[in-house]
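Novice: Here is what each chain is made of, one letter per residue.
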Amino acid sequence: MSRALDLGIDTASDDIALALLEGDVILAERRWHVAQNVSLDLLGGLDTLLRDASAERDELARIAVDIGPGGYGGLRAGVATAQGMAIALDVPLAGVVRLEVDAYPLLVGTRLGAPVVAVHDAGRSGIAWAAYALRAANTAPETVVEPRIGTPEECAAAAPAGTRWAGELTEPLLDALVTRGRAGEVERDTTRASGETGDALGGGDAGTAHGRSAVDLVRLARLHEAYGDPAGVDVVYLRPPPITRPNR
Amino acid sequence: MLILGIESSCDETAAAVVADGRRVRSNVVASQQLLHAETGGVVPEVAAREHLRALPLVVRQALREAECDWDDLDYVAATVGPGLPGALLVGLNGARGLAYARGLSLIPVDHIEGHVCANWLLDDEPPLPALALVISGGHTELLLMEDHGRYQRLGGTRDDAAGEAFDKVARLLDLGYPGGPPVSRLAATAPERRLKLPRAWLSGSDDFSFSGLKTAVLHTVQAPDAPPAAEVAWAFEESVADVLSKKAARAAEREGVASVLVAGGVAANRRIRERIEERSSVPVFIPPPDLCTDNAAMIAAAAFRHLDDARPAEAPLDIRPMAYRSRVR
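Top line first, the protein sequences correspond to chains Y and B.
What the first sequence shows, in the working numbering, is residues 1 to 248, in sequence order.
What the second sequence shows, in the working numbering, is residues 1 to 329, in sequence order.
Calculated directly from the structure, the hints in this document are not laboratory data.
Remember, it's a predicted structure, so these values are computed and weren't measured experimentally.
It cannot be assumed that every hint is accurate.
[As the list claims (entries may be wrong)] Label pairs and their calculated CB-CB ranges:
id, chain 1, residue 1, chain 2, residue 2, range
1, B, 311, Y, 142, 43 to 49 Å
2, Y, 142, B, 153, 33 to 39 Å
3, Y, 71, B, 289, 33 to 39 Å
4, B, 152, Y, 37, 48 to 54 Å
5, B, 196, Y, 44, 56 to 62 Å
6, Y, 40, B, 196, 49 to 55 Å
7, B, 127, Y, 229, 45 to 51 Å
8, Y, 244, B, 228, 27 to 33 Å
9, B, 288, Y, 242, 33 to 39 Å
10, B, 316, Y, 142, 36 to 42 Å
11, B, 191, Y, 242, 40 to 46 Å
12, Y, 172, B, 34, 39 to 45 Å
13, B, 146, Y, 71, 39 to 45 Å
14, B, 270, Y, 229, 53 to 59 Å
[To be verified] A few chain Y residues that don't get close to chain B, going by computed Cβ distances all over 12 Å:
id, residue
15, 22
16, 25
17, 223
18, 225
Even glycine gets a Cβ: it sits at the ideal position worked out from N, Cα and C.
Just chain Y, same shape as in the assembly:
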């Protein structure tokens, strides 16, 4: 009998993550590190994922994809692949913000209403960050501060008080938090969403960096009821394109 499966695709960082779920059951997960080119073996990994779960392509009922912020090349490769698959299969696609995915493991282990700030190193001395809170169990997180980019100092100054921190806590950001007297908010082992065990839907993982990101993508897409037209899914860009005006 044909199943209705959920696919999660996360190419926002150098650690590619894929997950296949049937309801709340994780059928298969794959994670691997890519040094440079996401697009080269994304579909190869996806094909292995489906084989691991003895799943057929036409059993995919919904796809969720990480829309960043993150590396543009990886994100566009992931989103374009997900869009292509969703259109050809005529299934809905959901885009989920990477910072919320990073915050999610901590959110489900934090008291309701308490903020979690997710950060990642956006290069050029920039920190991409956003703040989220969970108002009730088994609901979608609320965005407290929309994704933005700033210096470590700006992030340390503007993040909500009493927050917990998830994601890539860079040395400059840690220094800025110490300067602001906020060092106590940071759990030193909390890098790249190494969250706490257990979450509202079961599963969860204390594991490695961004460990269950593809699973959490699927969960967040469901909680937000974000599935829709694949053409409406776009990457989150926190910087404008670099444009040099012509001399004449």
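Since chain Y is already given, all that's left is putting chain B on it; use the hints.
Specialist: Relative to the frame of chain Y, chain B by itself:
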């Protein structure tokens, strides 16, 4: 046999369905030209962002206009290069996702070869061997096409592509971007047609050069007794048409080809078309303008000639931004 082609190498997001490499069932192009007009040229990052937004829409429209379903398709083809890396990445990954989902094989296509194969989308099939002149904003290539998939590169530009020269001259004359159409329109209004601008013949070579011509235009318009802009535009266009047509005609005669194929966005220029047709001793094939500028029908047409390159969509495949041309010696 139906092939869905995808093209995204520069600033056009395109999808098309072509039957048997000859008949265009649909040819959908989302152009970013208005967007890039603001900056006077293509900004690669802007182009990549727009491709991602447009690709799902053009694919759907191409299937709808072709009145075909996914089950009717035999292959998916996509441009792998040459082109802008970020732009190519979106089209190739989108195409691979489409193909994978439907269990279709993917055919990687060289953009330049796509332009040449646009000539097989015409009513009459060009006889081979042929001389192919590909002239666009990014390329100026002179190729000897012995057969499908068998090319010899005779020459190419040493600096600016022909279309790039049009864009830069348009900027010097404050005509906006892209430069080809406004330069031609202005040239057509020139009352005096005496100005002569230099031609780079590069004798003994099939190469081209347009940077000296561009500099000559700059000096001409900056001179105290500068001629009217229309005359400068006319003289510039005449110089480009003269060099392209004479060098193509000479190469065609020397190589003993059966036809001359012209392709690429600059092939839409009427004066260049006329000059090449006047000077060629063999039949000249030039696609209509919508098949000269970047499109995906040409990609599907080229893919039809390379069915042996078809591979599972999940097999590793990367973009080739600088050059793909594995078939060009």
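Novice: Taking the hints in turn, state whether each one holds.
Specialist: Each hint, compared with the structure:
1. At roughly 46 Å, the beta carbons of residue 311 (chain B) and residue 142 (chain Y) sit within the given window of 43 to 49 Å.
2. Range check, residue 142 (chain Y) to residue 153 (chain B): Cβ separation about 59 Å, and the 33 to 39 Å hint is violated.
3. At about 38 Å, the beta-carbon gap between residue 71 (chain Y) and residue 289 (chain B) stays in the expected band of 33 to 39 Å.
4. Checked against the hint of 48 to 54 Å, the pair residue 152 (chain B) and residue 37 (chain Y) fails, with Cβ atoms roughly 31 Å apart.
5. Taking the beta carbon of each, residue 196 (chain B) and residue 44 (chain Y) are about 59 Å apart, inside 56 to 62 Å as hinted.
6. At roughly 52 Å, the beta-carbon separation of residue 40 (chain Y) and residue 196 (chain B) lies within the given 49 to 55 Å, and the hint holds.
7. At roughly 47 Å, the beta-carbon separation of residue 127 (chain B) and residue 229 (chain Y) lies within the given 45 to 51 Å, and the hint holds.
8. At roughly 31 Å, the beta carbons of residue 244 (chain Y) and residue 228 (chain B) sit within the given window of 27 to 33 Å.
9. A hinted range of 33 to 39 Å holds for the C-beta pair residue 288 (chain B) and residue 242 (chain Y), which are about 36 Å apart.
10. A hinted range of 36 to 42 Å holds for the C-beta pair residue 316 (chain B) and residue 142 (chain Y), which are about 41 Å apart.
11. Distance hint check: the CB atoms of residue 191 (chain B) and residue 242 (chain Y) are about 43 Å apart, consistent with the given range 40 to 46 Å.
12. The hinted window of 39 to 45 Å between residue 172 (chain Y) and residue 34 (chain B) holds, with their beta carbons roughly 41 Å apart.
13. For residue 146 (chain B) and residue 71 (chain Y), the Cβ-Cβ distance of about 43 Å falls inside the hinted range of 39 to 45 Å, so the restraint holds.
14. Distance hint check for residue 270 (chain B) and residue 229 (chain Y): the Cβ-Cβ separation is about 42 Å, which falls outside the suggested range of 53 to 59 Å.
15. Even its closest Cβ contact with chain B, about 18 Å, leaves residue 22 (chain Y) beyond 12 Å, as expected for a residue assigned away from the interface.
16. Annotated as non-interface, residue 25 (chain Y) keeps its C-beta farther than 12 Å from every C-beta of chain B; the closest such distance is 23 Å.
17. With a least beta-carbon separation of about 25 Å from chain B, residue 223 (chain Y) lies farther than 12 Å from that chain, consistent with its non-interface assignment.
18. Every Cβ of chain B is farther than 12 Å from the Cβ of residue 225 (chain Y); the closest lies at roughly 21 Å, confirming the non-interface assignment.
Violated hints, in rising order: 2, 4, 14; the structure is consistent with all others.
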